[in-house]
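Peer 1: Take a look at the letters that make up each chain.
2 protein chains.
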Amino acid sequence: MPRHRCTVYSESDYDDDDDNITMRCLSCEDDYDPDDAGTCKECYDEANETEEELKRQIQDLKSKVSFLTLSSPLDAPSTTDLVLLPSTDAFSPSIPAHKAVLVSRSPVFRAMLENDMEESRSGTIKIADVSYDALRAFVNYLYTAEAFLDNQMACNLLVLAEKYQVKHLKAYCEKYLISKLNWEKAIVNFAFAHQHNANQLQDAALAVIMENMDNLTKNEDYTELVDSNPRLVVEIYEAYLSKQVNTAATLI
Amino acid sequence: MPRHRCTVYSESDYDDDDDNITMRCLSCEDDYDPDDAGTCKECYDEANETEEELKRQIQDLKSKVSFLTLSSPLDAPSTTDLVLLPSTDAFSPSIPAHKAVLVSRSPVFRAMLENDMEESRSGTIKIADVSYDALRAFVNYLYTAEAFLDNQMACNLLVLAEKYQVKHLKAYCEKYLISKLNWEKAIVNFAFAHQHNANQLQDAALAVIMENMDNLTKNEDYTELVDSNPRLVVEIYEAYLSKQVNTAATLI
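Protein sequence lines correspond, in order, to chains L and P.
For the first sequence, counting from 1, position 93 maps to 93 in full-length UniProt numbering; every step adds exactly one.
For the second sequence, counting from 1, position 158 maps to 158 in full-length UniProt numbering; every step adds exactly one.
There's no promise every hint is true.
Since the list gives no way to pick out one identical chain from another, each pair is judged satisfied if it fits inside one copy or across any two copies.
[As the list claims (entries may be wrong)] Distance condition first, Cα-Cα at most 30 Å in a straight line; then the derived DSSO-like pairs of lysine-lysine: (1) K243 with K55; (2) K41 with K167; (3) K243 with K175; (4) K243 with K163; (5) K243 with K126; (6) K175 with K218; (7) K41 with K185; (8) K167 with K218; (9) K126 with K167.
These aren't lab readings, by the way, just hints derived from the structure by calculation.
Required output: the full structure, derived from the provided sequences and hints.
Peer 2: Structure, rendered in structure tokens:
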């Protein structure tokens, strides 16, 4: 076989014809032009090893999560030592739980149960402004770090997470609500996030609002917000103004 | 600048001189020969995204592990509802714990505590053949999925993990012991692993023994094992024979 005129190449790793030189990618096994080159072989091997190592770490962590997850107290209430009671529904059943778990997950429950407060003595914690379903999902999350969310449940759990300072659950709900954000929901989410100190959600909602300033005053939620919390509407305009000033500065 | 005679190359991604063509790796930014090419640019970008995604997953899982980890009952014994007692030391203090945690981590504790057995009624579980330090580390692991191991502690915890069927801890100890395996320890570990159904450790120890068959009969632990458990010594020879037969078969 006649050798190509660029004799530094070996034939094994790339193909050539008269007009074109291509190499074969070790990952997708397609041919590519030298213009589209990515890495050298050493870095390719290293990246592969890194990926394998990261996957091993994920496997180990998943197994640790599974080990540390507790059974829901609703499935096995025999060893529970207190109950939670949703105050909105006088006829709803109470939800059994363990002091040890509540104390471990929430500094608010810790303060409540480790000091000699009414809740600690009576073994009953009344939770205001919450439905049975939301409270049940909240308690379940404290044991399993899992919850089935829709928009309403994410809002309900975020409120409870903020009230009882369960940071992990709050971040979980914010992440869900951010993933579902759009212009329809942006103003309501912005106001909700502000009310419950959900900074990440508030920033994300504000970013969506900034992209839709042309339609702002036509939005019904906007009109309501002007009535209910004009100070918050000012925050939107301040952010808009600041963005415009910055954009102008970069154009000079 | 005169263009190289292989005109299909653009100059941006590779350098050339009269005798040699090199490209620049996007990862290490070193030059390389086409012979040492790894991936195309598309696969390089994809691999980068995958790595980022895996790292995000690891971050999420670590935060979940941290959320699910319970405080050790030794740090906050106020809500505990039973004690564990190491039977080897009559004067050692008892170790407080929560039925709910023990039940959740071990099917043996579950059976013991969910049925109306002596331990459940008295709130005291006596643990045979264990030191205070090992039992304390065992209980701690049930809450935190963490333990500080040396060879002795790994063996002690493996025995407890097998007895109380705490699979996660057993795997953790096996992994540690395998990482410390060498010819000095291989026979002792092989016998120990066999006694406590630690299959992975047993296989790993057997592999080390297979590599040192020349020295087998000179090893003191071997002599002891022939006395104490000749059936297990037969297993070593059977594995050796089987390996030899297989090797011979591949050579034909």
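Peer 1: Run every hint past the structure and note whether it holds.
Peer 2: Results for each hint:
1. In this assembly of identical chains, the alpha carbons of K243 and K55 never lie at most 30 Å apart, being 41 Å within a copy and 32 Å across copies at closest.
2. Taking identical chains as interchangeable, the C-alpha atoms of K41 and K167 are never at most 30 Å apart, the minima being 44 Å within one chain and 40 Å between chains.
3. When the C-alpha separation of K243 and K175 is checked against a cutoff of 30 Å, the pair qualifies only within one copy, where the shortest distance is 25 Å, while the shortest distance between copies is 54 Å.
4. Taking the shortest Cα distances, K243 and K163 never come within 30 Å of each other, neither inside one copy (33 Å) nor across copies (64 Å).
5. Taking identical chains as interchangeable, the C-alpha atoms of K243 and K126 are never at most 30 Å apart, the minima being 45 Å within one chain and 68 Å between chains.
6. Taking identical chains as interchangeable, the C-alpha atoms of K175 and K218 lie at most 30 Å apart only when both belong to the same chain, with a minimum of 28 Å there against 63 Å between chains.
7. In the homo-oligomer, the alpha carbons of K41 and K185 never lie at most 30 Å apart, since the shortest distance is 48 Å inside one protomer and 39 Å across protomers.
8. Neither within a single protomer nor between protomers do K167 and K218 lie at most 30 Å apart by alpha-carbon distance, with minima of 36 Å and 60 Å respectively.
9. When the C-alpha separation of K126 and K167 is checked against a cutoff of 30 Å, the pair qualifies only within one copy, where the shortest distance is 21 Å, while the shortest distance between copies is 38 Å.
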